[in-house]
Structures are given as structure tokens and as C-alpha cells.
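From first to last, the protein sequence lines stand for chains A and B.
Using the working numbering, read the first sequence as starting at 1 and increasing by one per residue.
Using the working numbering, read the second sequence as starting at 1001 and increasing by one per residue.
If you are wondering where the hints come from, they were derived from the structure by calculation, not from laboratory data.
Idealized CB from N, CA, C, for every residue including glycine.
There's no promise every hint is true.
Just a sample of chain A residues kept apart from chain B, beta carbon distances all over 12 Å, derived [claimed, not checked]:
(1) G37
(2) K65
(3) M86
(4) E105
(5) R123
(6) S126
(7) S194
(8) E230
(9) D243
(10) E244
With a straight-line Cα cutoff of 20 Å, these simulated SDA-like cross-link-like pairs (lysine to any residue) come out [said to hold, decoys possible]:
(11) K82/A x N1199/B
(12) K77/A x A1171/B
(13) K77/A x Q93/A
(14) K214/A x Y250/A
(15) K77/A x R1113/B
(16) K82/A x Q1247/B
(17) K82/A x G1211/B
(18) K77/A x N1199/B
(19) K174/A x K65/A
(20) K77/A x A1216/B
(21) K1042/B x Q1247/B
(22) K82/A x A1171/B
(23) K82/A x H119/A
(24) K77/A x Q1247/B
(25) K82/A x R1113/B
(26) K1042/B x L1063/B
(27) K1042/B x A1171/B
(28) K82/A x K1042/B
(29) K82/A x E1090/B
(30) K65/A x H119/A
(31) K82/A x S1209/B
(32) K82/A x L1215/B
(33) K77/A x D33/A
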Amino acid sequence: MTMDAPGSEIVLSCRGLRKDFAGFTAVNDVDLDLRHGEIHAMIGPNGAGKTTVFNLLTKFLQPTKGRITLLGQDITKTSPSKVARMGLARSFQISATFPHLTVLENVRVALQRPNGLAHQFWRPMSALDRLNARALELIELVGLKDARNRPAADLSYGRKRALEIATTLALDPKALLLDEPMAGMGHEDVAVVSAIVRDVARTRAVLMVEHNLKVVADLCDRVTVLQRGEILVSGDYATVSRDERVRVAYLGAGHD
Amino acid sequence: MTDAALAPAAGRSKGRGVALIAVGLVLLAVAPFVVYPIFVMKLLCFALFAAAFNLLLGYAGLLSFGHAAFFGGAAYFTAHAVKEWGLTPELGVLVGVAGASALGLAVGFLAIRRQGIYFAMITLALAQMFFFFCLQAKFTHGEDGIQGVPRGHLFGVIDLNQPLAMYGFVAVVFLAGMVAIHRITESPFGMILKSIRENERRATSLGISVGSYKLAAFVMSAALAGLAGATKALVFQFATLTDVGWQMSGEVILMTLLGGIGTMIGPVVGAAIVTALENYLATSDFPPTIVIGVAFMLCVLAFRRGVVGELLATRWGKRLAGRGED
């Protein structure tokens, strides 16, 4: 990548994205562009369809209408594991770790496939030792070094989220979709994770769902507000926060 | 079948120790001189069958309710190959394993499309279809089964009609099967399987084609179950409908749960308990099914991790497995 500035290359994009569930439209006519080096926030009241958009973009759900491209390739009909291999990684709203594997194993599992160590059933587990250095690097990045040999199930909620980020980063994705990465975290953890996200976004496109508006203001280059499955406003934080409709949506429909 | 039950599977059993294996080998060597050899051979066949089943349930988290098709199917294939085609026993066993793998590929291909109880039901349905096929097909001889299967000469040299030679053959097959299962579960592939068992969506999001791995595990499990069934056909010199029936699929689930899923030795212990109970109760007035049913209920109510799972969960067991606090 020669160009580093925000607003450069579009990594992930969708046009006219729509998802109908029996009897109602969860997402309607959503356009998004994620650019290399940018952090893009998606905000909106509960039930606005943020997670559905995530599931559509990562192909865990098949859109009813619309088109999704990743690095210029149409992925509208691609399987979720394939888009992950193409460089689109995600985290989940509900913490997604492998509970009975250790922290090290959790991260290493993500490294296995890109390093061609996923299907060897005839080799001993020690074949994976050469991935340990990289796995430990990622574990250290999120501050879990002391817990590397503990089962993921033993970690506190905030540390599970940190582990999840390390696992996601192990894929070295082009686009990173984080579903509420800081939900349930204490003050200090939020600062740590914010720093990590800022750091990794320099060479990637990041889309994150976040409720903490202070984090959004500090971290994100662009904000899209979703309401009832549709885009209300999109722009930089200053523009969006001045928008009257956003104020109404947030204050008026806060308990939605 | 959720978290608590699967916990022992995560055991990093590196330091389990050569001692335990040595004890097992000594037992294996001494057994035919102490116990009726046919019984030990039967036990070893069922132990391998249960271990193969556990490869799928304990490590991939897939509950198959149709594993008898692979066990009993391989018995038929081997019996037919040895009796009608006159193949040597080792080739006959290979035919059985190949047949079970092919069956496993077909059943697995259809079943992995669904999860949980639906997966189990599809495997059951397909296994019942295979049962019906075995009932009707000519080469299986319906209710009679294939009788009088010759044991033959291993590699054309070793006469398997010698009880000790036969025992040696079964012991080697059993050990080879167990080594294979150990290798598969403690391999990079085994680690991916565990991750799928733990959190399938997460594994998918890491770019893992979950379906292919499940299918591979299914075929491996079917092949090893077939190895057990093929060997059993040579031991008893017949292949019958009993081994393809759904009761057999249930029995292997029982053995595995009773012994402890997700451990190497659990299914072996479970198979030993069930086989021994059936054997000794067969001559008493007490119906074995009731005793085994009670044992199963006790297992579900009181020690859900199975005999071996509970043992490993004790402090002594943790030290034995070399995974205490570190």
C-alpha cells in the first residue's frame, strides 16, 4: 500500500443491502464503503439492525437484495469461511472464544489455516509449536501474556473480548468488523482496546459497532447512524452529532 | 453433552506417562491366559468401536446414532470377501474398512448439513436404511447372516485358527486403531476439530470450512468403526444383523458415555464394563438390559463425565494426567 491517508482505497463496500425476515424488513437499502486505514463506526438504537448488517457483510446471513464487494470482488454469494479466507474477519457481539482451549491455543487455531497447518491429521501437535511465537506476540499485544496457558473459559469478560481481538488479528485481515468490542469493559480496558484498534486500523479497514459515543468520537473517522434498518445519516462525527434527526433518534427512541 | 461433559477433552494429556501405557500393554499380553480369549477379543473389538465413535462425539462434537452401519457393514463386507472371494484375512479386513469408509462418506455427506439432534436423526435414518438393505440383499443371507467365515492364514502364513495367533492379530489391530485415534486427536487437524466442537460459528469466521473437517472426521470414525467390525467378524466367524441394528448404535453411545467421552481410555473402559456385564449376566437369571440401564442412569445422574472422566477430575487423576495447576 503506497497510500496511507484516509479516504484512499475502498476495501469493503455494499450497495442497496436489504434483508427480509418473515414479515419484516430488518435492513433496508444500506450503502457502506470501508476504506483502507479508516475506522468506521456504526451506531444506532437497539434493534436498528447493526448486527444484521454485520452478519450480512460477513455472509453469515444471505442478503435478500443488494451487492457486496470485497477488494473489488463480488462476494454477495460467497460462503462465510471463504470471505474470511479472502481477508474479512469479524468478532461477535456475544464473546466468541473456544472455552476449553487455552488462550494460546485459541489464537493458534486462527493461525493454523493461513500457515497450512489445519488438515494434517498425521502430524503430532508439536507441529504447531512454530506458530507459538506469532501467537504469543498477539497475546502480548492485548495484554494476556500472563494467562496464556489458562483455558479461555477462566478469563473475565473483558479479557475474553481482548482474546477475541487477538484471535481475529491472527488472520491478518484486510477488513476487520468488530461487533461491540468494548461492551462490558472497564475504563482501563477500553483505553487498551482503543489503542489496539487505532493501531491495527492503520493498515486495515475497520467497521465497529459501538455504543460508547466517547469512544466513537475519539476513534472513528466516519460514523453511520442506523435506525430501523435504514441509514439515517453518514459522515464524520462532528457532522453526525449535530444532526437533529440523530438527536431525536437517540434521545427519543433510547428504549427502543 | 455440553460444557461440563466435554471438559476433560481439553485435557492437555502430554504427561500421562509411559507407565499407564505399559500397564495397558502388560494387561493386553496377560489377559488371554487369565480370561477366556474370545471374550477379550470381543472386548477389544468393542473398545475400538467405542473409541472410534468417541473420535466423532468427543473431539468433533458430533453425535452419530448410526454407527452400527459402519461396524456391522464392515463385518458383512469382510465376511463376504473372505468366505466368497477367498481373500486372506488382512485383505478381508481392508475390504471391510474400505466399505465402511465409503458408507461413512455417503452418510456423513448428507448428515453434516444439519446440527445437533437433526444430525443424529439423519444418521439414524440412513443407518436404518442400510439395515434394511442388509436384511434384503442376497450376499448377507438375511436373518441367517454370513456363517462359517474362515479365519484363514494371515499374509497366507500365520494360521489364525490358533487361538493365540488370532488374539495377537486382534491385539495388534486394536493397538494400531488406538494409535491412529490418538494421532488424529492430538494433531493440527484434531485441534481444528476441537475448535469446531467448541464454537462452530467462530471457527467459520476464522475461515475454516467447517463442513469439510466434519466430513473428514466422520469418514475417519466410520473407517475405524469398520476396522473393529471387520475384526469382530473374523473373531466370531460370522456377520449378522445384530451388528447393524440400531441397538448396536445405542450400545456404542452407552459405552462411550459410561466410560467418559473425550478421553482416550474412557470408551475402552466403558466397552469393558458393558461387555463384561452382558457376558456375566447372560448366564444369570437377571436380565442384562436392566442392569445396564440402571448403570446408564447412574452415570447420567451421578457421574456425568463417565467413569474415566470423573476419575480424571479428582486431584489424583489430575496429577496422573499431568495437568495440575501450573
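Outcome of the hint check:
At the 12 Å boundary, the C-beta of G37/A stays outside the reach of chain B, the nearest C-beta of that chain being 23 Å off. With 12 Å as the threshold on Cβ separation, the claim that K65/A sits away from chain B holds: the shortest Cβ distance comes to roughly 24 Å. For M86/A, the non-interface assignment is contradicted: its Cβ lies about 8 Å from the closest Cβ of chain B, within the 12 Å cut-off. The Cβ of E105/A sits about 7 Å from the closest Cβ of chain B, inside the 12 Å cut-off, so the non-interface label is violated.
With a minimum CB-CB distance of about 6 Å to chain B, R123/A fails to clear the 12 Å threshold, and the non-interface call is violated. Here S126/A does not stay apart from chain B, with its beta-carbon only about 9 Å from theirs, under the 12 Å limit. For S194/A, the shortest C-beta to C-beta distance to chain B comes to about 22 Å, beyond the 12 Å cut-off, and the non-interface label holds. For E230/A, the requirement that its beta carbon stay farther than 12 Å from each beta carbon of chain B is met, with the minimum near 26 Å.
Its beta-carbon lying about 33 Å from the closest one in chain B, D243/A satisfies the requirement of being farther than 12 Å from that chain. Remark: the non-interface label on E244/A is consistent with the geometry, its nearest Cβ contact in chain B lying 38 Å away (cut-off 12 Å). This hinted pair checks out: K82/A and N1199/B have alpha carbons roughly 18 Å apart, not beyond 20 Å. Restraint check for K77/A and A1171/B: not satisfied, since their Cα atoms lie roughly 51 Å apart, outside the 20 Å limit.
The hinted pair formed by K77/A and Q93/A fails the criterion: a straight-line CA distance of about 24 Å is larger than 20 Å. This hinted pair checks out: K214/A and Y250/A have alpha carbons roughly 14 Å apart, not beyond 20 Å. Our distance criterion of 20 Å between C-alpha atoms is met by K77/A and R1113/B, whose separation comes to about 18 Å. A distance of roughly 40 Å separates the Cα atoms of K82/A and Q1247/B; the hinted pair therefore is violated under the 20 Å criterion.
Between K82/A and G1211/B, the direct Cα distance comes to roughly 12 Å. Compliance with the 20 Å bound is thereby established for this hinted pair. In summary, the hint linking K77/A to N1199/B is not supported, as the alpha carbons are separated by about 23 Å, beyond the 20 Å threshold. Distance hint between K174/A and K65/A is unfulfilled; the C-alpha atoms sit about 24 Å from each other, more than 20 Å. For the hint linking K77/A to A1216/B, the alpha-carbon distance of about 25 Å lies beyond 20 Å, and the restraint is violated.
At roughly 17 Å between alpha-carbon atoms, K1042/B and Q1247/B fall within 20 Å of each other, so this suggested pair holds. The hinted pair formed by K82/A and A1171/B fails the criterion: a straight-line CA distance of about 44 Å is larger than 20 Å. With a C-alpha separation of about 16 Å, the suggested pairing of K82/A with H119/A holds against the 20 Å cut-off. Straight-line distance between C-alpha atoms of K77/A and Q1247/B comes to about 43 Å, which puts the hinted pair past the 20 Å bound.
Among the hinted pairs, K82/A with R1113/B is consistent with the structure: their alpha-carbon atoms are about 17 Å apart, no more than 20 Å. Under the criterion of a C-alpha separation no larger than 20 Å, the hint pairing K1042/B with L1063/B is inconsistent with the structure, at around 24 Å. A C-alpha spacing of about 11 Å is found between K1042/B and A1171/B, which places the hinted pair at or below 20 Å, so the restraint holds. In summary, the hint linking K82/A to K1042/B is not supported, as the alpha carbons are separated by about 46 Å, beyond the 20 Å threshold.
The hinted pair formed by K82/A and E1090/B fails the criterion: a straight-line CA distance of about 42 Å is larger than 20 Å. The hinted pair formed by K65/A and H119/A fails the criterion: a straight-line CA distance of about 36 Å is larger than 20 Å. Only pairs whose Cα atoms come within 20 Å are accepted, and K82/A paired with S1209/B is accepted, the gap being roughly 8 Å. A C-alpha spacing of about 18 Å is found between K82/A and L1215/B, which places the hinted pair at or below 20 Å, so the restraint holds.
Pair hint K77/A plus D33/A holds up; C-alpha atoms about 19 Å apart against a cutoff of 20 Å.
The structure fails hints 3, 4, 5, 6, 12, 13, 16, 18, 19, 20, 22, 24, 26, 28, 29, 30 (numbered hints given earlier, in ascending order).
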